[in-house]
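Colleague: One letter stands for each residue in the lines below.
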Amino acid sequence: MLVVMTMNVQFKKGVLEMVVLLTLLKKDMYGYELVNEVSKIIAINEGTVYPILKRLTNENYFESYLEESSEGPPRKYYKITMLGKERAAELKKEWETFTKAIRKFIKECEKND
Amino acid sequence: MTKEEFLKKLAKKLKILNENEKKDIINEHEALLNEKIKNGQSEEEAVADFGDVNDLAKEILKAYKVDPDYNKNSETLEKTKESFDESVKNAAEWVSEKAQSFFDSVAEEKSDVTLTKIFEIIIKVLIVIILLHILRLPFSLLSSLGAQVFTTAIFPFSLLQYIWIFIIEMLYLATIVITFILIFKNDIFKEKQPTKKTSTLAKKTTKKKTTKKPTAEGKETSANDGVFMLFKIVLILVFVIPLILFSVSLMFSFATLIFLIFHDIFLIGLLLLNVAILGFVFFLIHLFLSLFNNQKPSPWALIPIIIIFILGTIFTIDWALGLSIEKEAKGELTKETIVFTQEEIKDSKYWRQYEIKINPDVDEETVIVEIYFDEKYEKIVDVSETGGVNIYLNSLQKMRDFTNIFIAGLKNDTIYIPYYEIKLSAQEATIQYITD
Chain A
1 MLVVMTMNVQ
11 FKKGVLEMVV
21 LLTLLKKDMY
31 GYELVNEVSK
41 IIAINEGTVY
51 PILKRLTNEN
61 YFESYLEESS
71 EGPPRKYYKI
81 TMLGKERAAE
91 LKKEWETFTK
101 AIRKFIKECE
111 KND
Chain B
1001 MTKEEFLKKL
1011 AKKLKILNEN
1021 EKKDIINEHE
1031 ALLNEKIKNG
1041 QSEEEAVADF
1051 GDVNDLAKEI
1061 LKAYKVDPDY
1071 NKNSETLEKT
1081 KESFDESVKN
1091 AAEWVSEKAQ
1101 SFFDSVAEEK
1111 SDVTLTKIFE
1121 IIIKVLIVII
1131 LLHILRLPFS
1141 LLSSLGAQVF
1151 TTAIFPFSLL
1161 QYIWIFIIEM
1171 LYLATIVITF
1181 ILIFKNDIFK
1191 EKQPTKKTST
1201 LAKKTTKKKT
1211 TKKPTAEGKE
1221 TSANDGVFML
1231 FKIVLILVFV
1241 IPLILFSVSL
1251 MFSFATLIFL
1261 IFHDIFLIGL
1271 LLLNVAILGF
1281 VFFLIHLFLS
1291 LFNNQKPSPW
1301 ALIPIIIIFI
1311 LGTIFTIDWA
1321 LGLSIEKEAK
1331 GELTKETIVF
1341 TQEEIKDSKY
1351 WRQYEIKINP
1361 DVDEETVIVE
1371 IYFDEKYEKI
1381 VDVSETGGVN
1391 IYLNSLQKMR
1401 DFTNIFIAGL
1411 KNDTIYIPYY
1421 EIKLSAQEAT
1431 IQYITD
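As given, the protein sequences belong to chains A and B, one line each in that order.
Numbered as in our numbering, the first sequence ends at 113 without a single skipped number.
Numbered as in our numbering, the second sequence ends at 1436 without a single skipped number.
Everything labelled a hint here was simulated from the structure, so no lab data went into it.
Among the hints, erroneous ones may be present.
[What the hints assert, rightly or not] Partner residues aside, some chain A positions facing chain B, computed with beta carbon under 7 angstroms:
| id | residue |
| --- | --- |
| 1 | 43 |
| 2 | 46 |
| 3 | 51 |
Heads up, the beta-carbon is just placed ideally off N, CA and C, and yes, glycines get one too.
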């Protein structure tokens, strides 16, 4: 996947919700793992990721459970719910139509130059 | 910032959330930080990755649909204290970072927390010293003002100035003590807690935290009350006491105007002005005190005050336009006298006391006459052995004379400006001696 390092902060915040949802579609993850995974795709600090995770959990897109770990205290895992899966699909569709439209627009602009 | 500090700050910002929810968030952040540290990041770096704590807290609160500024208005005082503490801490951190390289070789076992602490205390002391110097100003003003008032009083009452100065100095001392206690409260009473970086201790510290929390919160609120108390005391000292003193002086002037009425001088304009200003001062005092008991004075009270003030101004201007001012002394001077004005007498220590050298060879009676306005006040003085003459005029009698002249003048719409001359009558030899 594309690694975007120098991206406008507003852009990043906009897609972050979708990226978090899609990341958890793959498998259940605990906080540190998720933050690591997300920051592979979008360079963003942890302070931005966690609140979104919290909000999505509060909105019932995720649920959390504790699991013993071999090293240290039990970890809190996040699991995507049915509602979350629907939301992820919805956002993905929106994103695709949106980027398609923008791409088309950019092309038109370049033609006019 | 250390992990402990970061978590503590975050917990404070999330106060509005319920205890379980807050604990959950804090635990998770602690776990995240521990994981990062385990993977080779330093504590500082791991914390720095989270960005600004305030922003983080804001975003988290948004996830609960809580207005992040929920405590901005209600706790401005706490906020200012917090930001003060924070800036002190930041400054201390900066200084300690700079000094760290210096002390590195010396203090191998010391963590930077203790060093930060030391500089924190040093900076706090500096700030307290500056603060107390600024606070000194109103106190000096008060003590000299009060002393001035009492020195003009007659004998037994003039001693009150020392009591006044003593009281003011005591108040200042109390302020110093209170300020010190408030600012260093946390440093003095906080038990020393070990802040070791090993993650194995994490469990223990979390356990400790839960038991420690209630007491810590109790301390905080009492500290806030203390700050508010200090604020009140400063407010009273800087505004209310001077206003009360001012109102007392206004009452004196009011009494004087009433006294003049008994002497058939009715200055309606000044009376009205006096009443209006007195009313306004009372209004201000009431306004300041309403900060403490929530009984605000109604703004309608200002309307009669303004009306009386305008009326008084009109009457006063009318009266002042018809006033004449006289400066000359109306004494008749004889040929054989030398006339000095007040300024010309050398070595005069006070305006009431003159020292005139007199020819010690001539044994004679020297008469010094003081003339002011059209009254005469004479005193025959003895020539002392050294040839100096000291004249002490009875100030009480002089005051009475002044008052009489003033009142007499007012009856004719005239004001005499205090102006007087010294008349010295002596024999030729003495006069020659003095004029040389």
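Colleague: Now tell me if each hint is right for this structure.
Modeller: Consistency of the hints with the structure:
1. At its closest, the beta carbon of residue 43(A) sits 11 angstroms from a beta carbon of chain B; the interface hint therefore is violated under the 7 angstroms criterion.
2. Evaluation of the residue 46(A) hint against chain B yields a held restraint, the C-beta minimum of about 5 angstroms falling below 7 angstroms.
3. For residue 51(A), the interface hint holds, since its Cβ comes within 7 angstroms of a Cβ in chain B; the closest pair sits about 3 angstroms apart.
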